[in-house]
Amino acid sequence: MGRTVRTLLGVLLLAGLGTGPALAAGEAEPPIVQSWPHQGVFGTFDRRALQRGFQVYKEVCSACHGTKYLAFRNLAALGFSEEEVKAIAAQYTVIDGPNDQGEMFERPARPSDRKPSPYPNEQAARAANNGAYPPDLSLIVKARAGGENYIYSFLVGYEEPPAGVTVPDGMYYNKYFPGHMVAMPPILQPDGVTYADGTKATVSQMARDVTQFLAWLAEPKMEERKSTGIKVMIFLVVLTALLYAYKRRIWADVH
Amino acid sequence: MASDAEPLVLKSPTLRWIEHRLPIIGFGYQHLVAYQTPRNLNYWWNFGSLAGICLMIQIVTGIVLAMHYTPHVAHAFDSVEHIMRDVNWGWFLRYAHANGASMFFIVVYIHIFRGLYYGSYKPPRELLWMLGVVILLLMMATAFMGYVLPWGQMSFWGATVITNLFSAVPFFGEAIVTWLWGGFAVDNPTLNRFFSLHYLLPFVIVGVVFLHLVALHTHGSNNPVGIDLTKKDKIPFHPYYTIKDLFGLSVFFLFFGSFLFFAPNVLGHPDNYIPANPLVTPPHIVPEWYFLPFYAILRAITFDILFIPAKLGGVIAMFASIGVLFFLPWLDKSKVRSARFRPIYKIFFWLLVLDCFILGYVGANPPEGWLVPLGQVATFWYFAHFLIVLPLLSKLERPLPVPESLSTPVLGRGMAAAPAE
Numbered sequence: 348m349g350r351t352v353r354t355l356l357g358v359l360l361l362a363g364l365g366t367g368p369a370l371a372a373g374e375a376e377p378p379i380v381q382s383w384p385h386q387g388v389f390g391t392f393d394r395r396a397l398q399r400g401f402q403v404y405k406e407v408c409s410a411c412h413g414t415k416y417l418a419f420r421n422l423a424a425l426g427f428s429e430e431e432v433k434a435i436a437a438q439y440t441v442i443d444g445p446n447d448q449g450e451m452f453e454r455p456a457r458p459s460d461r462k463p464s465p466y467p468n469e470q471a472a473r474a475a476n477n478g479a480y481p482p483d484l485s486l487i488v489k490a491r492a493g494g495e496n497y498i499y500s501f502l503v504g505y506e507e508p509p510a511g512v513t514v515p516d517g518m519y520y521n522k523y524f525p526g527h528m529v530a531m532p533p534i535l536q537p538d539g540v541t542y543a544d545g546t547k548a549t550v551s552q553m554a555r556d557v558t559q560f561l562a563w564l565a566e567p568k569m570e571e572r573k574s575t576g577i578k579v580m581i582f583l584v585v586l587t588a589l590l591y592a593y594k595r596r597i598w599a600d601v602h
Numbered sequence: 003m004a005s006d007a008e009p010l011v012l013k014s015p016t017l018r019w020i021e022h023r024l025p026i027i028g029f030g031y032q033h034l035v036a037y038q039t040p041r042n043l044n045y046w047w048n049f050g051s052l053a054g055i056c057l058m059i060q061i062v063t064g065i066v067l068a069m070h071y072t073p074h075v076a077h078a079f080d081s082v083e084h085i086m087r088d089v090n091w092g093w094f095l096r097y098a099h100a101n102g103a104s105m106f107f108i109v110v111y112i113h114i115f116r117g118l119y120y121g122s123y124k125p126p127r128e129l130l131w132m133l134g135v136v137i138l139l140l141m142m143a144t145a146f147m148g149y150v151l152p153w154g155q156m157s158f159w160g161a162t163v164i165t166n167l168f169s170a171v172p173f174f175g176e177a178i179v180t181w182l183w184g185g186f187a188v189d190n191p192t193l194n195r196f197f198s199l200h201y202l203l204p205f206v207i208v209g210v211v212f213l214h215l216v217a218l219h220t221h222g223s224n225n226p227v228g229i230d231l232t233k234k235d236k237i238p239f240h241p242y243y244t245i246k247d248l249f250g251l252s253v254f255f256l257f258f259g260s261f262l263f264f265a266p267n268v269l270g271h272p273d274n275y276i277p278a279n280p281l282v283t284p285p286h287i288v289p290e291w292y293f294l295p296f297y298a299i300l301r302a303i304t305f306d307i308l309f310i311p312a313k314l315g316g317v318i319a320m321f322a323s324i325g326v327l328f329f330l331p332w333l334d335k336s337k338v339r340s341a342r343f344r345p346i347y348k349i350f351f352w353l354l355v356l357d358c359f360i361l362g363y364v365g366a367n368p369p370e371g372w373l374v375p376l377g378q379v380a381t382f383w384y385f386a387h388f389l390i391v392l393p394l395l396s397k398l399e400r401p402l403p404v405p406e407s408l409s410t411p412v413l414g415r416g417m418a419a420a421p422a423e
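Chains as they are written, first to last, in this note's numbering: chain W, 348 to 602; chain Z, 3 to 423.
One should not assume that every hint holds.
[As the list claims (entries may be wrong)] Facing chain W, from chain Z, some residues (calculated, C-beta under 10 Å):
#	residue
1	PHE94
2	ALA177
3	TRP181
4	PRO241
5	TYR242
6	SER260
7	LEU262
8	ASN274
9	TYR275
10	PRO277
11	THR283
12	PRO285
Keep in mind the hints are simulated off the structure, nothing from the lab.
In this text, a Cβ means the ideal position worked out from N, Cα and C, and glycines have one as well.
Model the full structure from these sequences, guided by the hints.
Here you go:
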């Protein structure tokens with residue numbers, strides 16, 4: 348019977364993997380596999396990396412990409428104080444209203460506001476980007492096969508196309524992107540941002556930081572989930588052991 | 003039999019007053035405490051009660067999720083993210099519900115294969131088995147519609163592919179599909195009705211589960227030896243099986259929790275975190291893992307059969323793969339229930355298990371190259387198992403000697419007394 352269980356679980360896992368990362372990669376190279384601080388049962392987010400990643404997102408990515416599920420108040424989870432969150436929000440302008448005169452008006456954003464999108468709608472985004480639509484990044488880490496590893500690889504995966512491959516105007520060659528031709532330019536350049544903590548802003552560093560920020564944004568309750576899980580599992584292990592002992596005692600007169 | 007158990011004695015006058023007018027205490031005592039159960043059930047018999055608990059978990063988490071979910075194409079995806087980000091314990095509810103569906107299918111598939119191995123579908127349990135098949139069909143419909151509700155890419159395109167299957171019906175196909183959609187494409191009316199039905203069907207399942215239990219308690223559980231047991235080989239359900247089921251439940255929760263808390267998206271598809279977009283088709287549309295074998299059977303029919311076009315053939319084959327289970331009690335006429343005493347059937351049983359995993363693998367991957375003939379062979383084998391192998395084995399197989407009771411050793415050779423009808 349033990350063998351049966353193992354077979355069942357093994358193939359179940361196989362079926363799960365079959366529907367997961369292996370698909371949708373197409374002809375692209377498999378992403379670089381790295382370890383991430385938030386991986387694994389005990390993994391937690393690296394707050395300093397998240398703050399640096401937010402800076403990269405804010406100063407580079409957010410020119411074209413929205414994050415519709417990010418409210419400024421959520422940034423407290425990155426380790427920003429209430430005052431810092433207020434200050435970050437105030438850098439943005441949101442449209443509110445209507446007021447007593449029935450008019451919409453602009454005001455500085457508050458922590459309760461969502462971060463405004465760079466474009467008013469998809470058409471405006473396409474018009475500004477040569478017909479391409481920069482996807483919303485709120486869930487991007489969970490929405491791509493390969494997750495963090497893919498996002499990081501994609502950000503550092505720009506290179507000259509191999510001989511014989513012509514890249515159309517306004518497109519770029521990325522070896523990790525399915526189909527290789529992508530409308531997004533290699534936007535991360537060395538020292539593209541100046542990190543407040545003095546970390547050297549290499550392309551790889553920025554890619555790693557912003558990927559961690561995006562992983563947090565895709566799954567902001569991850570730490571709560573894992574810490575709850577650890578407590579639940581410890582409880583269940585003890586409960587299971589007790590129930591097993593109790594079961595053996597009750598069944599003693601039957602066996 | 004349950005009716006042979008010693009009667010319930012109520013000391014409290016209040017309880018006696020109630021029981022005299024509404025005998026629910028006696029009913030509960032009869033079916034949950036005194037209920038006579040084979041003393042030799044192994045752990046594969048835990049999966050029935052586990053399935054019931056899975057159903058309850060799905061209903062409870064689902065009802066709370068429905069309080070925060072919005073069934074509208076413009077808001078459904080956002081409302082799911084609202085649950086994940088802003089609702090207290092929303093992430094727990096959603097991951098419990100989404101992974102709970104997978105757990106439910108794992109449990110039910112094991113429960114079904116346990117029934118196949120030990121011949122639990124044989125007389126007098128044919129209707130018990132058939133009600134189980136009805137539950138499986140209802141579960142599949144419920145799970146399919148539930149997967150549409152988050153309105154991600156796989157939701158939308160899965161719904162499109164599966165509802166389009168009905169267009170294969172001759173003459174009325176297109177009309178049926180338009181009727182199912184409530185329009186000319188999968189759109190807001192489709193999402194609304196799927197939400198409504200996804201909320202309704204679990205309660206229909208509860209009703210059929212009740213009938214399943216009525217049928218079960220009429221003749222009692224089958225057992226690993228597969229013979230009809232006398233009273234001395236039976237024990238009351240409580241405390242023996244209440245504690246055994248509780249222990250099994252705790253182990254099951256450890257398994258469930260490892261997905262829910264530490265790998266909640268492993269069984270899902272990344273594309274469903276992209277909002278539905280009718281203009282962009284995903285490169286590979288795959289259903290959830292628990293539908294993959296059926297998806298492989300659907301795609302295995304790549305050729306016309308006489309006047310039946312390939313598409314219709316695939317749809318018929320897919321539905322027939324469940325439909326054939328209804329006839330199982332009459333396809334396998336062997337008088338011996340348990341595979342323990344059926345050496346050849348045992349081999350074919352494991353071949354069927356392997357075949358289902360092969361079908362699952364084929365269903366998970368694009369239908370290209372050698373996977374196409376593999377899927378066709380596996381589909382053929384699936385049906386051959388039920389339609390050819392089982393009827394032949396019923397006649398040709400020579401079972402091992404079956405014991406008269408759990409305590410008596412096997413006497414003589416050949417088949418023992420056949421189970422009484």
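Results of checking the hints against the structure:
1. PHE94: Check passed: Cβ of PHE94 (chain Z) comes within 7 Å of chain W, closer than 10 Å.
2. ALA177: violated, 33 Å
3. TRP181: violated, 30 Å
4. PRO241: For PRO241 (chain Z), the interface hint holds, since the closest Cβ of chain W sits about 5 Å away, which is under 10 Å.
5. TYR242: holds, 6 Å
6. SER260: It holds, given that the least Cβ distance between SER260 (chain Z) and chain W is near 7 Å, below 10 Å.
7. LEU262: Constraint on LEU262 (chain Z) satisfied, holds at 7 Å.
8. ASN274: Since the shortest Cβ distance to chain W is 8 Å, the answer is holds.
9. TYR275: holds, 4 Å
10. PRO277: Hint on PRO277 (chain Z): holds, closest Cβ of chain W at ~8 Å, below 10 Å.
11. THR283: violated, 12 Å
12. PRO285: holds, 5 Å
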